[in-house]
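J.: Take a look at the letters that make up each chain.
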Amino acid sequence: MKILVTMKRVTDYERKVKIAPDGSHLITEGMNFVANPFDEIAVEEALRLTKAHGGEVVVFSAGPKDAAQQIRQGLAMGADRGIHLLTDKELDSDAVARLLAKVVDQEKPDLVILGKQATDDDANQAGQLLAGYLGWAQGTFASKHEGLEGPEEKAQKPGLAIEGGKVHVVREVDGGLETIALDMPAVVTTDLRLNHPRFTTLPNIMKAKKKKLDEVTAESLGVDLSPKVKMLRFSEPPARTAGQIVDSVDTLIHKLKNERKVIA
Amino acid sequence: MFELTEDQRLVSESVRRFVEERVKPQAAHYDETCEFPWEHVKGLAELGVFGMHFSEAYGGAGFDKVTGSIVIEEVARHDASLALTIASHNGLCGGHIDMFGSEAQKQKYLPDLATAKKLGAWGLTEPNSGSDASGLQTTAVKKGDRWILNGAKNFITQGTVGEVFVVLALTTREKKQHGITAFILEKGMKGFSQRSIHGKLGMRSSDTAELHFDNVEVPAENQLGELDQGFLNTLQILDRGRITIGALAVGIARGCLEEGRAYSLDRKQFGKPIADFQAIQWMLADIATETDAARLLVRRAASLCDQKKPFSVEASKAKLFASEASVRAGMKAIQIHGGYGYTREFPVERYLRDAKLLEIGEGTSEVQRMIIARHVLKS
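Heads up: the protein sequence lines correspond to chains A and B, in order.
The numbers in my numbering rise by one with no breaks, and the one at position 238 of the first sequence is 222.
To get my numbering, take the position in the second sequence, counting from 1, and add 94.
Hints are computed from structural coordinates only; laboratory data are not their basis.
There could be a bad hint or two in this list.
Claimed, not checked - According to the in silico footprint, chain B covers these stretches of chain A (three or more CB under 8 Å from chain B):
id, stretch
1, -4 to 2
2, 179 to 186
Unchecked claim - Sample of chain A residues with no beta-carbon within 10 Å of chain B, all distances over it, derived:
id, residue
3, Val18
4, Leu166
5, Lys193
6, Val207
Where is the CB? At the ideal position from N, CA and C, for every residue including glycine.
The shape of chain A in the complex, shown without the other chains (with noise of 0.2 Å):
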């Protein structure tokens, strides 16, 4: 079984993000950055897979040089090769989810595992969007139905489950988990109680540098990156303004009746 997954570089999440005075762009002078945790849930699922069932992992990553990093860390947590695609470009879903059909048609995976969205972005579309151009069943916001304490996730089980050429997806949806069975070949976005990523251990390190990793461009798989979607502006939100202090509960409902006008 081959597993295609998705490693995406983002700033670090603990970090306060600064916005450029115009609003124009986010300042990434300075910035930590770090793999999509959903990416890395992604990297950690389909390594369980292909130890179930045997197997290759490639994991891909569209961006600029330093975005080698994040695919260094798929490989270290054991992954067996990467492609990096190259662009300075800012990408929108769409053209990631182009790129990844492209890849997709060469590579020909039986599974492609996504991080459900990214923590930049929280865009939540390119592994729709990618099921979509392929014509491929999909199985969005996998989950897993024991927690992450249980012995299941202790034993380190995939909690995507392949039987006869199906893959079951235990789904987060609104008030409960939902079990779906996909045909082969497939996409899968993660959720994050589908599994808890194993450390990357020094030795695995240091063995991802010798594994391959191969440089691509958006040229040679004949794609447009050009954004369908355009980022206008980006703005801090509204600063909280202070609270009233009321002597009464008849004051409060006065004031949320008729000041505030949020009750009837």
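Given the coordinates of chain A, work out where chain B should sit on it, guided by the hints.
T.: Just chain B now, kept in the frame of chain A:
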């Protein structure tokens, strides 16, 4: 030297994630109880930290000194005791065997040390011989195909939890420190006993012990390195160890900065966060500057060591400055926290207690100044 490589970034992220998820929440508990944190030793060993400097052929990660110092800083950021355990296991015991051991000795001991199946300890200091190595009194006398060891060691890290010991003993008494040889001892050898030392100010979950040798018979093949070369070899081990202690101090100082920053933004007095007051800002600025300076000194020494250039004086400078900077950082971090900083409710009092050891262990500040001054006057 100023920018981390891709591997170094991956290494620091991996270790940081482990330390923040597993080690940080329990660091205060282990400090309080003085229990040895076996669970973290096991976890970090799975990560490969306990053999990070050994070559890959013996189950290590083959790290250079710069990368190793990054690992130590990450662990020391939240738990200096644990960083000290790793440092002495890897650098002192494992390092001595790795650098001066025979092929057979390396094959016998390093794989178990790399996985922390066995912990390593290194015995130089004695009750009456600390900074003055010429006062060493433990003796080794050859008898047939065995060496007979008698004497005692003090303040030995991993003294009771360790299973593999590198011990320095006098083999040619009249040559004083130039008549010292290293030996590999194993726990359980007849006449070899250990006694735990309790009541330390800091580094409380690092295991410290006295070692006693009462006619301990050590097979001749356990002689480590050449006869009477133990002291010269030891100097090389100590030079490397000083870089590590410097990195440990950088980790503590960074902790003081991060905790001091967070508290000063959170704590309000006179209607605003205390970070708005210049008095607090200056303390933060000083900690930040000294932490950076210490890290650069450590990385320079480590980088010279990796390039196989002389680094002894640079290692002393790094160790001296970083350890003293970490103590100053601890004092300031407590000051920023005010009354709360004086309690165990916040971690900064532990950082100060841990930092104090670094001005003493692996060559006191006074010994470092002696080495540096000697170099200044000679050149």
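J.: All hints, please: hold or fail.
T.: We went through each hint and held it up to the structure:
1. Under the rule that three or more residues need a Cβ within less than 8 Å of chain B, the assignment of the stretch -4 to 2 of chain A is violated, with 0 such residues.
2. Only residues whose C-beta sits within less than 8 Å of a C-beta in chain B count toward coverage, and the stretch 179 to 186 of chain A has 4 of them, enough to reach three; the restraint holds.
3. With a cut of 10 Å on Cβ distances, A:Val18 falls inside the contact zone with chain B, its closest approach being about 7 Å.
4. No beta-carbon of chain B is positioned within 10 Å of the beta-carbon of A:Leu166; the least distance is around 32 Å.
5. At roughly 7 Å, the least C-beta separation between A:Lys193 and chain B is not larger than 10 Å, which violates its mark as non-interface.
6. At roughly 26 Å from the closest C-beta of chain B, the C-beta of A:Val207 stays outside 10 Å, upholding its exclusion from the interface.
Checked against the numbered hints given earlier, this structure breaks hints 1, 3, 5; the rest are met.
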